[in-house]
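Q: Which chain is which? The protein sequence lines are A and B, in order.
First residue of the first sequence? That's 1 in our numbering, and the numbers climb one at a time after it.
First residue of the second sequence? That's 1001 in our numbering, and the numbers climb one at a time after it.
Any given hint could turn out to be false.
As the list claims (entries may be wrong) - Distance condition first, Cα-Cα at most 25 angstroms in a straight line; then the derived DMTMM-like pairs of lysine to aspartate or glutamate: (1) A:LYS175 / A:GLU108; (2) B:LYS1010 / A:GLU17; (3) A:LYS79 / B:ASP1040; (4) A:LYS79 / A:GLU57; (5) A:LYS79 / A:GLU108; (6) B:LYS1010 / A:GLU238; (7) B:LYS1010 / A:GLU57.
What the hints assert, rightly or not - Derived contacts from chain A toward chain B, CB cut-off under 8 angstroms, selection only: (8) PHE20; (9) LEU24; (10) SER25; (11) ALA27; (12) LEU28; (13) LEU50; (14) ARG80; (15) LEU83; (16) MET88; (17) SER104; (18) VAL105; (19) GLU140; (20) VAL141; (21) TRP156; (22) ARG174; (23) ALA216.
Hints in this document: simulated from the structure, not taken from any laboratory.
For clarity, every value in this text was computed on a predicted model and none was experimentally measured.
Ideal Cβ positions, reconstructed from N, Cα and C, are used throughout, including at glycine.
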Amino acid sequence: MTRPMTRATPTAFPVIEGMFTRILSSALLAGFCAGLVAAALQLLFVQPVLLHAELYESGALTHFGAAGAPPGAGGIELKRDALSVLFMALTYVGHALILVAGMSVAAENRVAITPRAGIVWGVAGFAASQLAPAFSLPPEVPGVAAADLAARQVWWWGTVAAAGAALALIAFSRKPLFWALAVALIVAPHLVGAPQPDSLTGPVPPEIAALFAARALGVGMAAWAVLGLLCAWFWQRETAGG
Amino acid sequence: MTALARSTAKSTLLPALMAFGLGLGVITVAGHVQATALHDAAHDARHANGFPCH
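Given these sequences and hints, build the entire structure.
A: Below, the structure is given as structure tokens:
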């Protein structure tokens, strides 16, 4: 039982390779498109706040300084912004690979993957990968005081993995015991606590840091919703009739 | 029938795991690796995505 393949030389694992190709092409297309949306929103809403904060980080402005410059500083820097677009697209391709991998396993277990359901997948992905770590380690504006980087990265991965597993349990398990486990997984990283700096000596005013964190999360949620929608749409298209 | 179902499940699970691993790798490179050139290039996107950056 081999599936029809659009290739001349069959490999030893045609079914596996065919499935991997479907996941890969869906994820690349969806991730790249959602990454462009994320980049556009970032440059429009997040980047101006980031550039404003960098004026405090560099010392060009000082908190409680006599003259606070208007936040219009910055503007467009072609190379820098192009790199942002590139890395935003890359990051969302990474997110898409994980999301479509999950969708393919769910579809195998008779979960309907529609674009409408995809939005829920996307918002869940946002909750696991951005909202959950942000609860104790809010998106950092340049210049904030922070603890050791490696320790924060370890905590970040642990928190995202725990939240992702928890949301999958809530979505697909029917046993209350697993729901309780899911709640524990979501709460535990925040009881353990994220690595915090010894002293709060960041030069950036709290008004700017708060706006940055809120903007980063808002853009993330919008882009993840688009990502979920597109992942499901491309996945549906890839598997239709196949 | 059960054998077919089992082989189908396997043929989904392995590619899904491969894609999952690839996704983790891409996010690690784009969001976490601290090589200076990579960090500087990805800087703004990392901050905007809420990755621990500095």
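Q: Next step is simple, just say for each hint if it's right about the structure.
A: Here is how each hint holds up against the structure:
no., hint, verdict
1, A:LYS175 / A:GLU108, "holds (21 angstroms)"
2, B:LYS1010 / A:GLU17, "holds (12 angstroms)"
3, A:LYS79 / B:ASP1040, "holds (12 angstroms)"
4, A:LYS79 / A:GLU57, "holds (21 angstroms)"
5, A:LYS79 / A:GLU108, "violated (43 angstroms)"
6, B:LYS1010 / A:GLU238, "holds (19 angstroms)"
7, B:LYS1010 / A:GLU57, "violated (52 angstroms)"
8, PHE20, "holds (4 angstroms)"
9, LEU24, "holds (7 angstroms)"
10, SER25, "violated (11 angstroms)"
11, ALA27, "holds (7 angstroms)"
12, LEU28, "violated (11 angstroms)"
13, LEU50, "holds (6 angstroms)"
14, ARG80, "holds (7 angstroms)"
15, LEU83, "holds (5 angstroms)"
16, MET88, "holds (5 angstroms)"
17, SER104, "holds (5 angstroms)"
18, VAL105, "holds (5 angstroms)"
19, GLU140, "holds (6 angstroms)"
20, VAL141, "holds (7 angstroms)"
21, TRP156, "holds (6 angstroms)"
22, ARG174, "violated (19 angstroms)"
23, ALA216, "holds (5 angstroms)"
Against the hints set out earlier in the document, violations occur for numbers 5, 7, 10, 12, 22.
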